[in-house]
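Chain by chain, the residues:
4 protein chains.
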Amino acid sequence: MSYLTEKLLEEKVFKDPVHGYVHVSDKLIWDLIATKEFQRLRRIHQLGTTSLTFHGAEHSRFNHSLGVYEIVRQIIDVTFANEPQLEPEERMVALCAALLHDLGHGPFSHAFEKVFGTDHEEYTQAIIIGNTEVSEVLSKVGEDFPLKVASIIKKNYPNQTLVKLISSQIDADRMDYLLRDAYYTGVSYGKFDLERILRVLRPSPDGNGVIVKYSGMHAVEDYIMSRYQMYQQVYFHPVSRSGEVLLWKILERAKKLYCAGYEFQVSPSQVLPFFVNEVSLKDYIVLDDIVLMYYFSIWQEEADPILSDLCGRFLNRRLLRYLNYDPKEDAELYAELKGLLEKADIDPSYYLVVDSSSDLPYDYYLPGVGSGKEPIKLLMGNGELRELSTESPVVEAIGRERRTDIKLYYPLDFIESGRVEPVVAERMISLIHAHSLKEK
Amino acid sequence: MSYLTEKLLEEKVFKDPVHGYVHVSDKLIWDLIATKEFQRLRRIHQLGTTSLTFHGAEHSRFNHSLGVYEIVRQIIDVTFANEPQLEPEERMVALCAALLHDLGHGPFSHAFEKVFGTDHEEYTQAIIIGNTEVSEVLSKVGEDFPLKVASIIKKNYPNQTLVKLISSQIDADRMDYLLRDAYYTGVSYGKFDLERILRVLRPSPDGNGVIVKYSGMHAVEDYIMSRYQMYQQVYFHPVSRSGEVLLWKILERAKKLYCAGYEFQVSPSQVLPFFVNEVSLKDYIVLDDIVLMYYFSIWQEEADPILSDLCGRFLNRRLLRYLNYDPKEDAELYAELKGLLEKADIDPSYYLVVDSSSDLPYDYYLPGVGSGKEPIKLLMGNGELRELSTESPVVEAIGRERRTDIKLYYPLDFIESGRVEPVVAERMISLIHAHSLKEK
Amino acid sequence: MSYLTEKLLEEKVFKDPVHGYVHVSDKLIWDLIATKEFQRLRRIHQLGTTSLTFHGAEHSRFNHSLGVYEIVRQIIDVTFANEPQLEPEERMVALCAALLHDLGHGPFSHAFEKVFGTDHEEYTQAIIIGNTEVSEVLSKVGEDFPLKVASIIKKNYPNQTLVKLISSQIDADRMDYLLRDAYYTGVSYGKFDLERILRVLRPSPDGNGVIVKYSGMHAVEDYIMSRYQMYQQVYFHPVSRSGEVLLWKILERAKKLYCAGYEFQVSPSQVLPFFVNEVSLKDYIVLDDIVLMYYFSIWQEEADPILSDLCGRFLNRRLLRYLNYDPKEDAELYAELKGLLEKADIDPSYYLVVDSSSDLPYDYYLPGVGSGKEPIKLLMGNGELRELSTESPVVEAIGRERRTDIKLYYPLDFIESGRVEPVVAERMISLIHAHSLKEK
Amino acid sequence: MSYLTEKLLEEKVFKDPVHGYVHVSDKLIWDLIATKEFQRLRRIHQLGTTSLTFHGAEHSRFNHSLGVYEIVRQIIDVTFANEPQLEPEERMVALCAALLHDLGHGPFSHAFEKVFGTDHEEYTQAIIIGNTEVSEVLSKVGEDFPLKVASIIKKNYPNQTLVKLISSQIDADRMDYLLRDAYYTGVSYGKFDLERILRVLRPSPDGNGVIVKYSGMHAVEDYIMSRYQMYQQVYFHPVSRSGEVLLWKILERAKKLYCAGYEFQVSPSQVLPFFVNEVSLKDYIVLDDIVLMYYFSIWQEEADPILSDLCGRFLNRRLLRYLNYDPKEDAELYAELKGLLEKADIDPSYYLVVDSSSDLPYDYYLPGVGSGKEPIKLLMGNGELRELSTESPVVEAIGRERRTDIKLYYPLDFIESGRVEPVVAERMISLIHAHSLKEK
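Protein chains in written order, with this note's numbering: chain A, 1 to 440; chain B, 441 to 880; chain C, 881 to 1320; chain D, 1321 to 1760.
Derived by calculation from the structure, the hints in this document are not laboratory data. Each hint should be verified, as a subset may be incorrect.
[To be verified] Straight-line alpha carbon distances no greater than 25 Å define the calculated SDA-like cross-link-like pairs of lysine to any residue that follow:
| hint | chain 1 | residue 1 | chain 2 | residue 2 |
| --- | --- | --- | --- | --- |
| 1 | B | Lys452 | D | Leu1521 |
| 2 | B | Lys580 | B | Lys595 |
| 3 | A | Lys27 | D | His1557 |
| 4 | A | Lys36 | D | Gln1620 |
| 5 | D | Lys1533 | C | Phe1116 |
| 6 | C | Lys1162 | C | Trp910 |
| 7 | C | Lys1218 | C | Pro1085 |
| 8 | D | Lys1602 | A | Ile306 |
| 9 | B | Lys878 | A | Gly186 |
| 10 | C | Lys916 | B | Ala743 |
| 11 | D | Lys1576 | D | Gly1632 |
| 12 | C | Lys907 | A | Arg199 |
| 13 | B | Lys476 | C | Glu970 |
| 14 | D | Lys1758 | C | Leu1081 |
| 15 | D | Lys1474 | D | Glu1410 |
| 16 | C | Lys907 | B | Arg859 |
| 17 | B | Lys722 | B | Gln525 |
| 18 | C | Lys1020 | B | Ala743 |
| 19 | D | Lys1332 | B | Ile637 |
| 20 | C | Lys1071 | A | Gly186 |
| 21 | C | Lys887 | A | Asp77 |
| 22 | C | Lys907 | A | Val200 |
| 23 | D | Lys1758 | A | Lys338 |
| 24 | C | Lys1223 | C | Ser1297 |
| 25 | D | Lys1648 | C | Met1260 |
| 26 | D | Lys1511 | D | Ser1487 |
| 27 | C | Lys1071 | D | Glu1716 |
| 28 | A | Lys213 | C | Glu890 |
| 29 | D | Lys1327 | B | Gly582 |
| 30 | C | Lys1162 | B | Val706 |
| 31 | D | Lys1356 | A | Val266 |
| 32 | D | Lys1758 | C | Pro1085 |
| 33 | B | Lys452 | C | Leu1292 |
| 34 | B | Lys447 | D | Ile1517 |
[Claimed, not checked] Computed from the model, here is a short list of chain C residues facing chain D with C-beta under 7 Å:
| hint | residue |
| --- | --- |
| 35 | Tyr1069 |
| 36 | Lys1071 |
| 37 | Asp1073 |
| 38 | Ile1077 |
| 39 | Ser1095 |
| 40 | His1098 |
Note that the structure is predicted; figures quoted are calculated from it, not measured. Note that CB positions come from ideal geometry on N, CA and C, so glycine has one too.
Chain A extracted, bound-state conformation (with noise of 0.2 Å):
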């Protein structure tokens, strides 16, 4: 028996609190698990700062990972087991994938690739066929197994529909996280039935997709709606988003005063890679989140009032506060706030920071094809392949829904602390205060 088909002697079972139970039979999953860069995602915490609001959300990408594998492996033996059989190699890349698909996130991901530019997805590709041990496990199924499997993260595997198990409009990934973000924060809303839309998928006939029969709209719609409240009450948190913001400025300090030269008591030797913009592969595997945790407990105590500062406020949550805020009619008031802390020797770069939900790599559905995301069909019962929203007003009106929300950030226990002087204190009280007066 080929490595590829190879069982173990005994199925292997993961307790899960959504799924029951995540069963591995394959040993080549089971050596996958084993593996460092896959253990590594223990250490990168699922929802970054999202705890800092919802205390529950403590579980990591480790946790998840398994979960997306648990979904790709039951659509493919138990939803799929009436289809025309997939190959043994086309099941095992898919499988491999789904478990694999997060294993290039670094860190509170969000904020480090937006100071370092960094892309998690590429990645995910390079941990898979570079110099790594899952590269390893990997190539005992073949030389070029390693590249079909980064090749469902590239998206350009030839069996479309595989690609879009693990990456569409309602894809293993979301469907997981979306239940599991849900377990754990406490909230009731992303519950969805998963094992009734799990019954009513099916491979696209044009073999380039996934779709869903017409009897599963509602459930579909359901998970659309689940998807939304999610992100307007879990995701795009302002609070978490401020533990978010405060994140992207360390970075920005840190990076800022390496590159003037300043002297770091306890050279940050695992971050200056990405200083430098010199990263290895290795240097990328090496970070995880007690990596940058670690070096905000000790920056802490970094001569440089900012740095220390900001970490300071992110390991105690001392966070700041935010006010509702539109580019267009709120620009006087930017620019009186900054003026304002400006005179009070806050530098206004690090603590007057407008955040947009816009920038949050969460959508709650895109029916067009633009959109690098696959819009979800309805396969109606006369054959006909229609877009989800054009059927359901409700996703109609939740894909049309685009309110960004931008929040300005500010350092209220400054101002109020007497670091400020008291009338610039009184004015910007009062600016603040005048502007929620404005709002409904």
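Got chain A sorted already, so can you dock chains B, C and D onto it with the hints?
Coordinates of chains B, C and D only, in the frame set by chain A:
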């Protein structure tokens, strides 16, 4: 201490799958639960024929009524604890009305009211103020106390906030039945964050209802979405409606037979008052699911073949099949099927039935006030009130959606059974087949 | 393809609150569900009088029967997938028996069987092999197929492993009812990890039952604990048993009246065969909760004051009260109460009733084999089999526990109502009070 | 209004997966949550190495601490609402102690305390009264308020009922962690009816603890069973303990190297005080999971092969394997394996490790009082108090059960890897194999 404020020696609880526990500490509430009119609700199913589709949904109105009481109790005693306090009498009027609001439901209300023209809300009031154990208990508070409780149901109690707690777009009745029906059917759609909604409700400043703090908008959106899903997926389910159609036709047939002088083998004494439209309050209270179901079971043996067949169908779940029906486009199909059935000696008034979901007492959301159901108002940060759908495109889309679902029910088993001449049967099958091809 | 192995065009599912979905792909199973004998189970409550205590528990045996079928289906098709395969006929015999195992239950079985001496297991077999729709469907497989299915219920089917799947200390019947009854009552006690237990079950090497891999011992311990808790807290609840006592006494009284020549206002025709012990299969099948409840409701108007009172009590939940009763120590108390009731013209054979929990068809765990229920065996690492309680002190303690709970039921409301002479009433109250003080 | 009784303008809530919401209305509690010592608990995992077995269990002590606070808040403000009222100060002492009870936990407490001899309960007190933000906040109530809060932890606060709420056989700490750990691992074992237990708790009449109304006995039995199951299935799981063994050996090795003058490539400055046993409060607070994990990650690159290997094992989950071990019977096996490892140049003090579950800080139930944990007392109907296990055979059996689980951990991968001479490896494998055959 007066009866109005008398407490039980120790708080009593009912274990409840939806709310954990239902708490009773008022002697009056305890005594009302023990009345025979309230105990009768154990013999009225909450969801009529839904258990023909969702077998889990076998719960009674007793079950639901305790739940509505519990929600109102929490709103009054917890949510509104910091509001200007209600008079003890106002509080108790609301709790009693919550507990008793479904008292006037008869068996299988929807079909029953259609045939006999009764109105459960009127009967609820009649039981509250009439010669009943319930009324006797209420009168111990004061002679006019039953009238006050009834006026909540009638919607003309002076404190309109309390009226709206029990009947409005976001009332305790709906909140309980959505959660409860979701629990018993086992579907995930009906879930929303009740605890959060209870936290953001406030009495309207104009004393005319309940409003929602803006911070709770998404929780209320989620509740509206749950409603939409439950109606689409559960309440309007065409298989349950097929059961409703049988009920309606059974009652219609029995009444018609009686009025035409037909002699029943066993006189259906408890139903006779309804056949002749001379119904006393006592006659009404005697009726419950047990009595009707008993008659259905013995009517299986009646000589009239239509009555006997319909009853057998209902009890043994041999339902009529259905097709989508558009009164304008499909008039011809209807006419031809009608003709063919008549030719086969199958009475189309009982076996070819058009049923529209808009006849059902459900709506997703009605933003307008003319609807008799107060729309939901948000309390904005600046004190302004805004109707929910002006702020939420999703709710707006749901409120706009009015696609009535119309089905045509027909007896496929008769057609296929040899009871119908082959050539006629073939024609019918081919008509039905062609129609289904036309559909999406 | 033979009827035995015929599949539906598309798998059908029933939404189930306990198992998510019940899956049916065999035509035979689908046809059995559609029979009128199986549909009749919708009209038999699973838990007789339990809903008088736990209002949520209004579910039927239809509901539970689908669940037992689903568990057996999973064991056969999934758990045992790697075992030497069952013959298609063996598989189907087991699935049919699982689905049909409760077919012979009558209304309120416990009290009914006590009064009329019927046996639901015998009736289950009779319906399976008799002149019924069920038998007709089964016979389409082969003439002797109904007998084979019945022999599972009779426990003499050659493959004893399949017998034990449906009746043993860890059978699909108990596993489903514990989970289901816990769900509907809303208590947390009945939950255990069904998925894990299903993973560790194996057919016994001696072909004589089901055994459990040692690694699953704690999961099975948890199941036994759930059982213990459910019996203690739900099934033996003295308030539900108070309802049972009323049922028992109603049936006893009605039978006695009839045998004594009493003339009922309306002849209770469907119950007469039981009064005279001349019951045909058809008579039996006609009976369900509806019929009995209907008679109870009209018997409220009967001239016999005992029958009328008991029926009113049952329907309106005016239950007898209870005290702990020790047949040895409390004989005197019993005698004196009896005398006092007689003095007050209240017939103690109906109103002073001793009820013992050991009469109920439940036990926590019986390690011995003489019990008719196979004990649970663990498969040790070295291949040895050991009885569960020899390995688990907790199970041993539960299996040892045989504290029978005996209650004495009495009509407190009569005593307090003025119906009883003050001096007699006072004496009774003081006896009862003194007894309760004596207790811990 | 004094700080002790100062309320927030509006009650704040934390969404919590276990309790729904955690409610905070006291300004003091809000301020304590914002301190850096409390925020530090976000960086200490609740369950050390359990997530190596149950990947879902990645939650922190921050999470759990809020839960313990919420349970105590409910007991004091709801359960005891009708008891003689607590003084505001007593109430607040209990709430603060509940919130802060885990403040002194260091990273991976179990292994850490074993190696360095620290005691988290002492550090909890030290943080409460020392030079910390927590102490500063508490002192705003009064100079001696920190001492009062600390005396709850020290168990000598005058009101012993409040002490027992936080530390006894049925305290808020255990109730929260059982429910929470069950939720995050996804197992069903830890669930019990918290709401019911909270209803039946009462302050002991002797002012010396909490007692349970007899009517709640079965709910408490269920809680003890949950505890038993969680310990057996989760806390004592040999795979998690394998992680603990690695941690213990890493810390032991690092300390030994340092004391022997080994030069680390990067000085582990935050751990040095522990190596030399000169630990200030500030040193202690700086330590958290982040710091230790960071060192483990860089120690992978250390020159010492043992330290480097052990750290790599821990981070990449290459665990030692285990076999059941009986110190008496298996002494010879141990000796021979030790000799063989030494022959293969594998230091047995790090790679052949005996671990006993009795070292873990868990017990199922201890009926005796000498245990330092007050046993559970039932309040009988006649006012008498009885120890739980005298009434419940199940609890008695659980309390009696003291089967310590001892494992011997060994490096299977080394043995199989070619690092060990074939003949030595073969002998080891054969010893291990023979041992496993001997077992049941």
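Results of checking the hints against the structure:
A distance of roughly 16 Å separates the Cα atoms of B/Lys452 and D/Leu1521; the hinted pair therefore holds under the 25 Å criterion. For the proposed pair B/Lys580 and B/Lys595, the alpha carbon gap of about 23 Å is at most 25 Å, so the pair holds. Taking the CA atoms of A/Lys27 and D/His1557, the gap is about 24 Å. The hint holds against a cut of 25 Å. Distance hint between A/Lys36 and D/Gln1620 is fulfilled; the C-alpha atoms sit about 12 Å from each other, no more than 25 Å.
With a CA separation close to 19 Å, the supplied pair D/Lys1533 and C/Phe1116 stays within the 25 Å bound. Between C/Lys1162 and C/Trp910 the alpha-carbon distance is near 23 Å, which keeps this suggested pair within the 25 Å criterion. At most 25 Å may separate the alpha-carbon atoms for a hinted pair to count; C/Lys1218 and C/Pro1085 exceed this at roughly 57 Å. For the hint pairing D/Lys1602 with A/Ile306, the CA-to-CA distance comes to about 23 Å; that is within 25 Å, so the pair holds.
Between B/Lys878 and A/Gly186 the CA atoms are separated by roughly 46 Å; this puts the pair beyond 25 Å, and the hint is violated. Taking the CA atoms of C/Lys916 and B/Ala743, the gap is about 20 Å. The hint holds against a cut of 25 Å. A distance of roughly 18 Å separates the Cα atoms of D/Lys1576 and D/Gly1632; the hinted pair therefore holds under the 25 Å criterion. Between C/Lys907 and A/Arg199 the alpha-carbon distance is near 20 Å, which keeps this suggested pair within the 25 Å criterion.
A C-alpha spacing of about 51 Å is found between B/Lys476 and C/Glu970, which places the hinted pair above 25 Å, so the restraint is violated. Taken as a hint, the D/Lys1758 and C/Leu1081 pair is honoured in the structure, with Cα atoms around 23 Å apart against an allowance of 25 Å. For the hint pairing D/Lys1474 with D/Glu1410, the CA-to-CA distance comes to about 16 Å; that is within 25 Å, so the pair holds. A threshold of 25 Å between alpha carbons decides the hint, and for C/Lys907 with B/Arg859 the separation of about 24 Å falls inside it, so the pair holds.
The suggested pairing of B/Lys722 with B/Gln525 is violated, with an alpha-carbon distance near 39 Å, which exceeds 25 Å. A distance of roughly 31 Å separates the Cα atoms of C/Lys1020 and B/Ala743; the hinted pair therefore is violated under the 25 Å criterion. This hinted pair checks out: D/Lys1332 and B/Ile637 have alpha carbons roughly 15 Å apart, not beyond 25 Å. This hinted pair checks out: C/Lys1071 and A/Gly186 have alpha carbons roughly 21 Å apart, not beyond 25 Å.
For the hint pairing C/Lys887 with A/Asp77, the CA-to-CA distance comes to about 19 Å; that is within 25 Å, so the pair holds. Of the pairs offered as hints, the one joining C/Lys907 and A/Val200 holds, with about 21 Å between alpha carbons and a cut-off of 25 Å not exceeded. Pair hint D/Lys1758 plus A/Lys338 does not hold up; C-alpha atoms about 77 Å apart against a cutoff of 25 Å. Taken as a hint, the C/Lys1223 and C/Ser1297 pair is honoured in the structure, with Cα atoms around 15 Å apart against an allowance of 25 Å.
A threshold of 25 Å between alpha carbons decides the hint, and for D/Lys1648 with C/Met1260 the separation of about 22 Å falls inside it, so the pair holds. Our distance criterion of 25 Å between C-alpha atoms is met by D/Lys1511 and D/Ser1487, whose separation comes to about 20 Å. The straight-line distance between the Cα atoms of C/Lys1071 and D/Glu1716 is roughly 22 Å, inside the 25 Å bound, and the hint therefore holds. Only pairs whose Cα atoms come within 25 Å are accepted, and A/Lys213 paired with C/Glu890 is accepted, the gap being roughly 13 Å.
With a CA separation close to 40 Å, the supplied pair D/Lys1327 and B/Gly582 exceeds the 25 Å bound. Annotation: proposed proximity of C/Lys1162 to B/Val706 holds, straight-line Cα distance about 19 Å (limit 25 Å). About 23 Å separates the Cα atoms of D/Lys1356 and A/Val266, which keeps this hinted pair within 25 Å; it holds. With a C-alpha separation of about 21 Å, the suggested pair D/Lys1758 and C/Pro1085 falls inside the 25 Å cut-off, and the hint holds.
Proposed proximity of B/Lys452 and C/Leu1292 is supported: the alpha carbons are some 19 Å apart, at most 25 Å. Annotation: proposed proximity of B/Lys447 to D/Ile1517 holds, straight-line Cα distance about 23 Å (limit 25 Å). Satisfaction of the interface hint for C/Tyr1069 is found here, the shortest Cβ-Cβ separation to chain D being roughly 6 Å, below the 7 Å cut-off. A distance limit of 7 Å between C-beta atoms decides the matter here; for C/Lys1071 the minimum to chain D is near 5 Å, and the interface restraint holds.
Given the 7 Å rule on beta carbons, the hint for C/Asp1073 holds: about 5 Å separates it from the nearest Cβ of chain D. A least Cβ separation of about 11 Å between C/Ile1077 and chain D goes past the 7 Å threshold, and the interface hint is therefore violated. With a cut of 7 Å, the hint placing C/Ser1095 at the interface with chain D is violated, because the nearest CB-to-CB distance is about 11 Å. Taken as an interface hint, C/His1098 checks out: its beta carbon lies about 5 Å from the nearest beta carbon of chain D, inside 7 Å.
Checked against the numbered hints given earlier, the structure breaks hints 7, 9, 13, 17, 18, 23, 29, 38 and 39 and satisfies all the rest.
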